[in-house]
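Student: One-letter residues, chain by chain:
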Amino acid sequence: MIKLNNISKSFGRQQVLKDIDLTVEKGDVVVILGPSGSGKTTLLRCVNYLEKPSDGEMIIGDYHLNCKYASKKQIHLLRQKSAMVFQQYNLFKHKTAIENVMEGLLIVKKLSKEEAIVRSVALLEKVGLGNKLEAYPSQLSGGQQQRVGIARALAMEPEVILFDEPTSALDPELVGEVLSVIRKIAKEGITMIVVTHEMSFARDVANHIVFMDGGVIVEEGTPVELFNHPKEERTKQFLKRITPELNYNI
Amino acid sequence: MGEPFDFTYILTFIPKLLSTLQITLFIVAGSLLIGMIVGFLIALPRLYQIPIVQTISKVYISFFRGTPVLIQLFLFYYGLPELLKLAHLDVSKTPVLAFVILTYGLHTGAFMSELIRASVMAVDRGQVEAAYAVGMTGYQAFVRIIMPQALAIAIPVFSNLVIALLKDTSLAFTLGVMEMTGKSQTLGTLTQHFIESYIALALIYLVVSFALEKFLKWLENGLLQHEQQDTSVRSTRLTLRKNISYRRIVTEMSTGKGGVDL
Chain C
1 MIKLNNISKS
11 FGRQQVLKDI
21 DLTVEKGDVV
31 VILGPSGSGK
41 TTLLRCVNYL
51 EKPSDGEMII
61 GDYHLNCKYA
71 SKKQIHLLRQ
81 KSAMVFQQYN
91 LFKHKTAIEN
101 VMEGLLIVKK
111 LSKEEAIVRS
121 VALLEKVGLG
131 NKLEAYPSQL
141 SGGQQQRVGI
151 ARALAMEPEV
161 ILFDEPTSAL
171 DPELVGEVLS
181 VIRKIAKEGI
191 TMIVVTHEMS
201 FARDVANHIV
211 FMDGGVIVEE
221 GTPVELFNHP
231 KEERTKQFLK
241 RITPELNYNI
Chain P
251 MGEPFDFTYI
261 LTFIPKLLST
271 LQITLFIVAG
281 SLLIGMIVGF
291 LIALPRLYQI
301 PIVQTISKVY
311 ISFFRGTPVL
321 IQLFLFYYGL
331 PELLKLAHLD
341 VSKTPVLAFV
351 ILTYGLHTGA
361 FMSELIRASV
371 MAVDRGQVEA
381 AYAVGMTGYQ
391 AFVRIIMPQA
401 LAIAIPVFSN
411 LVIALLKDTS
421 LAFTLGVMEM
431 TGKSQTLGTL
441 TQHFIESYIA
451 LALIYLVVSF
461 ALEKFLKWLE
471 NGLLQHEQQD
481 TSVRSTRLTL
491 RKNISYRRIV
501 TEMSTGKGGV
511 DL
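Chains as they are written, first to last, in our numbering: chain C, 1 to 250; chain P, 251 to 512.
Be careful, since some hints might not be right.
[Stated by the list, open to error] Straight line, CA to CA, 20 Å or less: simulated SDA-like cross-link-like pairs of lysine to any residue:
no.	chain 1	residue 1	chain 2	residue 2
1	P	K308	P	E364
2	C	K132	C	E99
3	C	K18	C	D213
4	C	K236	C	G221
5	C	K72	P	V393
6	C	K93	P	T501
7	C	K52	C	N5
8	C	K93	P	Y389
9	C	K184	C	G130
10	C	K52	C	K68
11	C	K73	P	F392
12	C	K109	P	K308
13	C	K132	P	T501
14	C	K93	P	V309
15	C	K93	P	M397
16	C	K110	P	A391
17	C	K109	C	E157
18	C	K126	P	R498
19	P	K335	P	A348
20	P	K417	P	L320
21	C	K26	C	M1
22	C	K3	C	V216
23	C	K110	P	T387
24	C	K110	P	F392
25	C	K93	P	Q390
26	C	K132	P	V500
27	C	K93	P	N471
28	C	K93	P	A368
Hints listed in this document are in silico derivations from the structure and should not be mistaken for laboratory results.
Keep in mind the model is a prediction, meaning the values are calculated, not measured.
Let the sequences and hints guide you as you build the complete structure.
Tutor: Next comes the structure, spelled out in structure tokens:
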């Protein structure tokens with residue numbers, strides 16, 4: 001279970017997150033929606049401490065952290081509870097696909113080389129890249145790179161996987177293959193928080209949707225509640241813009 | 251100058267000059283070593299933007315990049331002993347070579363620090379974040395992710411630096427060091443065949459530079475393997491073999507389920 005209490009974040013004087021409270025149960029797939037600049041990516045990065053929250057409290061699994069007084073060591077431990085999939089994939093460019101997945105297993109989890117290989121091969125097969133073990137990122141398409149990124153995140157067996165707009169940098173043709181991999185692992189009961197603009201994905205896969213704007217959570221609920229019966233005016237506006245009504249005349 | 255041009259002198263000078271090549275190479279190696287250590291120390295405060303120390307680094311770099319190395323040699327050789335005398339340290343017994351290597355080392359350090367800084371900054375920041383996200387510490391991310399890539403980026407500029415340094419060491423003769431250039435001066439004076447001795451000298455520098463360049467290019471290719479888009483025949487074969495070995499390990503360890511049950 002992940003619990004965020006009163007998470008705040010300011011860049012200089014500008015406050016981008018204002019007292020965010022969020023609870024994610026084990027096995028949940030939470031999708032965060034919102035216009036750009038609403039703080040959704042910042043929130044996601046705060047969970048992995050790539051951004052340092054200015055204030056608040058975080059509970060991931062059995063690990064509890066007070067953000068104001070977090071020490072380097074505590075941050076390091078917290079980071080091991082989560083894994084991240086990035087918009088720009090951020091694969092290690094000097095390592096092959098399998099080495100990318102193995103890296104964390106060898107260095108952070110301290111597995112033996114054989115164990116790491118077995119696990120990495122299995123994971124790359126799961127994301128459909130069993131024949132690309134030895135390819136460098138520069139030899140892979142965007143969709144393939146992102147799937148390696150997902151395998152790398154899965155390898156760490158984290159409490160939660162954070163997806164930061166995983167398909168935004170992809171060709172429209174390649175979006176499908178990445179989404180289907182995410183859908184597949186979601187079905188296996190892995191907890192995830194996804195920031196995305198893919199509405200149909202959010203509708204199908206998520207069991208909880210959070211709508212953010214201006215650094216606060218405006219509304220949250222199940223996909224049906226949020227997409228079909230939004231309560232807040234701001235949410236209605238946003239959804240209207242994203243899914244235009246079919247009101248053309250012939 | 252003196253005697254008429256005689257081709258055979260070039261051939262007789264080459265082995266004589268080669269006997270001092272080791273001193274030249276010793277200066278190059280010594281200054282590179284000092285240069286790399288100094289360069290690293292100078293680059294760190296700028297990379298991590300530590301106040302005050304950062305400014306000192308900048309001043310250091312400005313001085314060594316902005317003044318001729320010949321002047322630096324004179325300043326260190328004639329000036330440093332005077333300064334140390336004030337601190338009651340007598341360095342008049344220290345060999346000239348030590349001053350030469352120190353000067354070239356500090357000089358190279360300035361360029362090296364800029365090289366290190368540029369290379370480290372050229373590695374995409376996202377990969378560092380990915381390393382943190384996987385759970386690596388800052389040190390692990392630096393050593394395992396940034397360094398190998400920064401090295402590959404740095405090598406072409408580094409090889410320029412080494413070759414420039416090799417040629418710059420010829421100035422050491424002004425302080426009376428018997429390295430290659432000094433030796434060629436002496437040979438010229440003794441035989442009155444200056445042109446021949448300089449031709450021989452130029453040939454040796456050329457060959458050594460060429461060899462260094464080839465060596466560093468080879469190193470670069472090894473480090474930049476991941477940049478190559480199309481794998482050549484040789485590396486494809488290598489890939490296949492490695493792939494098979496990964497598979498074999500998987501089948502041999504069929505008892506361990508690993509990530510399958512995720």
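Student: If a hint holds in the structure, say so; if it does not, say that too.
Tutor: Against the structure, the hints:
1. K308(P) with E364(P): Distance ~10 Å between K308(P) and E364(P) Cα, so the pair holds.
2. K132(C) with E99(C): Holds, at about 11 Å.
3. K18(C) with D213(C): holds (10 Å)
4. K236(C) with G221(C): Roughly 14 Å separates the two Cα atoms, so the pair holds.
5. K72(C) with V393(P): This hinted pair holds, its Cα atoms lying about 19 Å apart.
6. K93(C) with T501(P): violated (28 Å)
7. K52(C) with N5(C): holds (14 Å)
8. K93(C) with Y389(P): holds (18 Å)
9. K184(C) with G130(C): This hinted pair holds, its Cα atoms lying about 16 Å apart.
10. K52(C) with K68(C): holds (9 Å)
11. K73(C) with F392(P): Roughly 17 Å separates the two Cα atoms, so the pair holds.
12. K109(C) with K308(P): violated (40 Å)
13. K132(C) with T501(P): holds (18 Å)
14. K93(C) with V309(P): violated (35 Å)
15. K93(C) with M397(P): holds (12 Å)
16. K110(C) with A391(P): holds (15 Å)
17. K109(C) with E157(C): Distance of about 10 Å is within 20 Å: holds.
18. K126(C) with R498(P): Roughly 18 Å between the alpha carbons, so the hint for K126(C) and R498(P) holds.
19. K335(P) with A348(P): holds (17 Å)
20. K417(P) with L320(P): holds (12 Å)
21. K26(C) with M1(C): holds (5 Å)
22. K3(C) with V216(C): OK: K3(C) and V216(C) at ~16 Å, within 20 Å.
23. K110(C) with T387(P): holds (14 Å)
24. K110(C) with F392(P): Between K110(C) and F392(P) the Cα gap is close to 18 Å, so the pair holds against 20 Å.
25. K93(C) with Q390(P): holds (16 Å)
26. K132(C) with V500(P): holds (15 Å)
27. K93(C) with N471(P): holds (15 Å)
28. K93(C) with A368(P): With a Cα-Cα distance of about 18 Å, the restraint between K93(C) and A368(P) holds, given a limit of 20 Å.
In terms of the numbered hints stated before, the structure departs from hints 6, 12, 14, listed from lowest to highest.
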